[in-house]
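Trainee: If you read the protein sequences in the order shown, they are chains A and B.
The first sequence begins at 1 in my numbering and counts up one residue at a time.
The second sequence begins at 704 in my numbering and counts up one residue at a time.
The hints are simulated quantities; they were obtained by calculation from the structure and are not laboratory data.
Ideal Cβ placement from N, Cα and C applies to all residues, glycine included.
Heads up, none of these hints are tricks.
Derived DEER-like restraints, expressed as beta-carbon distance ranges:
hint : chain 1 : residue 1 : chain 2 : residue 2 : range
1    : A       : Lys590    : B       : Leu834    : 43 to 51 angstroms
2    : A       : Phe660    : B       : Pro761    : 37 to 45 angstroms
3    : A       : Val547    : B       : Val804    : 56 to 64 angstroms
4    : B       : Val868    : A       : Lys68     : 49 to 57 angstroms
5    : B       : Asp762    : A       : Arg73     : 34 to 42 angstroms
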Amino acid sequence: MNRKRSTYPAVAAVLVAAGLATDIGVHSLVPAAGASQPEDKEVRRKKRREQEFKPVELSPNQVADLQKLINDRQLTPDDLVAAAKTYLPSGRKDDYLVFASGGHSGQVFVIGVPSMRLLRTIAVFTPEPWQGYGYGTGEEVLKAGDFGDKELRWGDTHHPGLSETGGEYDGEFLFIGDKANARLAVIDLRDFETKQIVRNPLIISDHGCAFVTPNTDYVFEGGQYAVPLGVGYANIEEYKEKYRGMVTAWKFDRAKGRIDVGQSFGLELPPYWQDLFDSGKVASDGFVFGNSINTELAVGKTGEKEANFEASTTTRDMDYLHIINWKKAEEVFKAGKATKIEGFPVITLQTAVSEGILFFAPEPKSPHGVDVTPDGKFIVVAGKLDPHVTVYSIDKIKQAIAQKKISTSDPYGVPVLEFDAVKEAQVELGLGPLHTQFDDKGFAYTSLFLDSAVARWSLGGDYASKHGVQPWKLMSKTSVQYNVGHIVSAEGDTVSPDGMYLIAMNKWSIDRFFQTGPLLPQNFQLMDITPAADRPLPVIYDSPIGVGEPHYAQMIKADKLKPWAVYPKVGWNPHTGMIDPNSTKAGEEKVVRNGNKVDVYMTVVRSHFTPEHLEVREGDEVTLHLTNLETTPDATHGFCIGGYNINLSLEPSEYCKVSFTADKAGTFPYYCTEFCSALHLEMVGYFRVAPATKSAAAEPASK
Amino acid sequence: MQGILQSILGPRVPAQELESHRGRYVVPNLILSLARVLLLVSIFFPYWHMELQAPQYPDGLYLTAHVNYLSGDVDEIDGLNHYIGMRKLEDAASLERATAVWMILAMTLLMEGAAAVHSPWALVLVLPAVLFPAGFIADLQFWLASHGHNLDPKAPLSSSVKPFVPPALGTGVIGQFKTIATLGSGWWLSLGGSVLTLVALIFHRRAYKPLRDSARQEVATCAA
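Using the sequences provided together with the hints, build the complete structure.
Mentor: Next comes the structure, spelled out in structure tokens:
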């Protein structure tokens with residue numbers, strides 16, 4: 001009896017355990033209730049792959065096959081290694097993502113590394129029909145970037161800037177500047193959609209944009225071609241007096257995911273054509289650095305005898321590195337010492353000088369990139385017309401400021417620090433140094449435009465113990481094809497670069513790809529930068545970019561991003577970040593007429609629109625509220641009305657609104673533009689616009 | 704009347720007998736209590752799972768049934784089912800799901816009652832709990848058959864899909880989908896409750912049958 005009593009609870013425990021075990025077994029496969037978690041699935045897939053992978057040993061037959069293949073295709077063993085380093089089998093994901101400027105396309109390209117596959121474009125400054133951007137949605141975002149009543153529908157996107165926390169990419173937001181119109185856009189990396197465009201009211205062209213501070217408190221936008229601040233008219237004779245450069249600190253409100261224009265401010269600069277900028281970090285946190293290319297104050301070929309810009313902007317041996325204490329500038333702005341230009345607060349040059357915000361340091365003439373080392377201790381200025389990179393020390397800069405080691409001041413009264421007091425080193429790299437990136441081993445990489453090469457060189461300071469070679473020295477040069485502009489290494493402008501990969505963003509491709517007429521693609525060349533200091537760095541992939549003219553890019557570890565697979569709730573408005581009050585549930589679809597205003601509350605799901613018939617009168621103001629009821633990843637629907645220039649991208653659970661005037665009478669089928677299901681072609685409805693001439697009695701009731 | 708009640712309730716245990724053989728009378732109650740706990744706890748665990756596999760769903764679709772609600776990819780499965788004209792999943796067993804928690808509570812109360820009934824009537828009181836796991840599967844099978852056989856003839860794919868019954872357990876195939884149905888931990892808990900209840904009844908019989916027999920003997924003796 002006693003023995004038995006102890007047995008039965010044990011039996012029960014076994015039953016319970018068995019039950020739980022079967023359940024846990026199933027549960028580990030079941031995604032969490034609600035929004036599916038792609039990253040969890042990703043981790044599971046990776047684990048499963050690792051478990052299932054067995055080390056490969058090629059059989060003699062396989063070796064023979066491979067050898068034949070290589071010879072048939074005339075490949076080298078290096079080619080084979082390059083292919084093995086970059087090829088991704090179906091379903092395998094890239095380790096890194098590159099967010100590349102899309103140049104004139106006004107877009108951002110998302111490219112996987114090492115495969116170099118184009119994953120997506122993100123419409124930013126330019127309407128893009130696939131995403132419905134500018135063809136029904138995103139109109140308000142685009143409009144906010146207009147120049148008064150002048151519609152701006154393209155952008156010359158230059159420098160993407162990923163949001164940072166503690167100097168590391170955090171994968172939450174992406175900023176990108178438009179050089180042509182001095183605009184800045186904010187992209188939310190949960191849904192890869194442009195949320196905001198702000199236009200700088202002070203100037204009309206920028207270059208040093210977008211560069212974030214280590215915690216993304218501010219996004220910096222440095223201007224390029226000087227104009228009178230506020231973009232007013234001034235004769236070129238008055239260049240020195242009336243034209244100005246500027247840098248703007250755009251305040252970022254991370255909680256809202258938007259630039260807070262009311263908390264942003266500009267800083268007036270001499271009309272030196274400021275070029276690239278970079279934010280200080282760690283040792284140099286609180287500073288922002290910028291280059292300039294026209295301290296000559298050249299005004300170009302104004303008459304027969306004057307030299308054109310390319311000659312007249314390059315006569316002085318030195319231009320000025322701009323050293324800006326933005327934390328001090330912020331204090332000054334908050335103390336109300338800014339003046340308003342076009343309603344935008346600007347710290348004047350005079351205030352900047354008197355408050356000790358702005359200092360210059362001489363830099364070899366007409367440099368291009370300015371890049372801060374990962375520890376923030378050094379500022380690397382690439383010579384462009386000078387074969388060196390000039391390295392400045394933040395410690396020396398601070399010391400020179402404190403000890404007033406000022407050689408002179410410029411015509412605008414800005415103190416110029418003594419070159420020798422702030423210079424740490426000059427490293428001769430080759431012809432046309434433009435941009436610098438960093439790796440995890442204490443090496444820097446600089447693009448050499450004229451040499452069409454990427455130089456690897458050793459950093460000094462604390463980095464000397466890391467790489468163990470002579471500091472401030474050229475290690476190697478790797479030829480790239482051709483005319484390299486920016487380069488990007490894995491997290492190569494953060495406080496902790498990953499090394500691994502570097503992409504040379506080549507402006508010319510000449511003979512690398514099929515001759516696509518006279519207009520050729522750019523060439524993104526992937527390099528493996530893991531070899532030791534004395535080894536060459538192999539180019540392992542050529543990727544043609546057949547759009548725009550991409551400038552800069554940033555490369556982030558893919559697992560830092562936490563994108564949505566579907567919007568969090570059905571009826572989600574991506575621009576408000578919540579369920580839209582006008583979103584519609586299944587069964588609650590309706591058409592509401594109010595005078596000549598017609599609101600349609602429509603649902604969209606495989607494979608039908610509800611309602612399927614819309615009848616309005618010519619001249620009606622129609623607003624369509626569309627809710628995609630889908631909650632399944634990739635179950636995107638499109639919605640177009642032929643003849644009305646409307647196309648929407650309704651991503652799973654997304655709410656979209658499109659407003660237009662029914663100004664063309666006729667019969668217009670609307671249909672789904674994303675092949676969604678076997679009955680996709682049947683996913684259609686009729687939008688009928690009755691002519692206005694019809695008598696009131698015969699007017700159709702909307703249904 | 705009192706006689707009937709007494710015959711249902713069975714004999715009370717004399718204080719002296721309880722004192723000397725406490726274990727004999729406590730064990731069935733203990734086991735029955737454990738069974739009740741299992742049944743109650745099962746409410747919080749899934750009773751049934753169905754996984755649907757198809758090429759365009761590399762991660763599969765999942766449907767999970769608790770006694771009182773459905774979860775998982777219900778909307779997506781409904782969305783797919785509309786092509787073949789199947790009714791919505793929520794329309795299945797709605798009464799059962801609405802009342803399940805109360806039914807289980809009632810069952811556990813009946814089991815509590817059974818502990819106080821020292822006659823074979825105790826079996827009647829625990830019968831719902833004993834049959835519950837089997838009943839769940841029977842009901843599930845009924846609804847699967849009901850849904851599979853009542854397809855809307857106006858549905859887009861009505862001509863290409865004949866009425867069918869997805870298996871309540873094990874694998875089946877419908878269109879490009881493979882279905883894999885398994886029982887969940889909640890069901891196994893309820894089965895544990897059911898088995899333990901039967902075990903408790905054995906001990907119950909061992910404890911009270913001698914009492915009943917001796918009582919009957921006493922009556923017989925008195926009558927004689």
